[in-house]
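Take a look at the letters that make up each chain.
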Amino acid sequence: MLYLWLKALHLAAVVTWIGGMIMLGLTLRHAVAGRPPDFQRLLAALHGWDRRVTGPAMGLAWILGIWMVVDAGWLGANWLWVKLVLVALLSGLHGFLAGNLRRLAGDAGWTPPPSLRLALPVTLAGLAVIAAMVVVKPF
Amino acid sequence: MTGNTIAFELAQLRRMRLASLFEGSTLVLLVCVAMPLKYMAGYPQATQIIGSVHGFAFLFYVWVVINTVAGGGWRVAEVLRLLVSAFIPFGAFFNVGFLRRKGEAIAARGML
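Each protein sequence line maps, in turn, to chains B and Z.
In terms of my numbering, the first sequence opens at residue 1 and continues consecutively.
In terms of my numbering, the second sequence opens at residue 1 and continues consecutively.
Certain hints may be false.
Pair by pair, the computed Cβ-Cβ distance ranges are [what the hints assert, rightly or not]:
1) LEU60(B) to MET40(Z): 58 to 66 Å
2) CYS32(Z) to LEU28(B): 22 to 30 Å
3) ARG14(Z) to LEU6(B): 29 to 37 Å
4) ARG14(Z) to PRO113(B): 49 to 57 Å
5) GLY48(B) to GLY72(Z): 18 to 26 Å
6) ALA41(Z) to THR111(B): 31 to 39 Å
Chain B is faced by these chain Z residues, among others (derived, beta-carbon under 7 Å) [stated by the list, open to error]:
7) PHE8
8) SER25
9) VAL28
10) TRP63
11) ASN67
12) GLY71
13) SER85
14) ALA86
15) PRO89
In the SDA-like style, the derived pairs of lysine to any residue whose C-alpha atoms are separated by at most 25 Å in a straight line are [claimed, not checked]:
16) LYS7(B) to ALA77(B)
17) LYS137(B) to HIS10(B)
18) LYS38(Z) to GLY20(B)
19) LYS38(Z) to LEU18(Z)
20) LYS38(Z) to TRP67(B)
21) LYS137(B) to LEU42(B)
22) LYS38(Z) to ASP71(B)
23) LYS38(Z) to ALA77(B)
24) LYS38(Z) to HIS10(B)
25) LYS38(Z) to LYS137(B)
26) LYS7(B) to LEU28(B)
In short, the hints are calculated from the structure, not lab data.
Every residue, glycine too, gets a C-beta built ideally from N, C-alpha and C.
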């Protein structure tokens, strides 16, 4: 049982680590592009990355995840419902963030809603609970 | 407000139109092809396959709607219209004109 909790935490830690590295890589790639750093251009680059990489990765995660559920016969398990609700919540949050990013990239005067301050804690907490549900399957 | 705003939002409206057409086409295939095949010709696999594709198309469409309206410039009634049309067979095809008019209006006044 300890092994499974360690594995869940390990998974959440790896996803947070790699997500942060991608964020650093994108920011620094912008800074070393040879032109003076420009916030609007950085936002446009993040918007492009979100459309070309993050979005498709989310779609792939959904397809492969549902495929796994069907293949392994997990449909109806309690832990899966908790996880599915959180995945739907995080996916919706991603869409909301992506839309605000697109608008902000094109319109420096755009003010995203203050509730978006909650995006980071919600994402991290969601990731931790999802990792616990899928790895430990506590109920 | 820069020229990029209009370009980004119009590109998003194009993606939204494609997502709507994809969702609408799979719903029509499900209702008009797969369900008759299941109930009249005895091929339950038809709804399983088309149903799965439509399920993903529907989720993708809802995601694109959230993404699109998060950029601002949408009334609640317009958002409801986009969501309700996904449940009505052939509803998506009425979205195409609606989204085109929305894009033309944005382009015409040069802002959202």
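- Query: Which of the listed hints are not met by the structure?
  - Reply: Of the numbered hints given earlier, those the structure breaks are 1, 2, 3, 4, 6, 8, 9, 13, 14, 15, 18, 19, 21, 23, 24, 25 and 26, listed in rising order.
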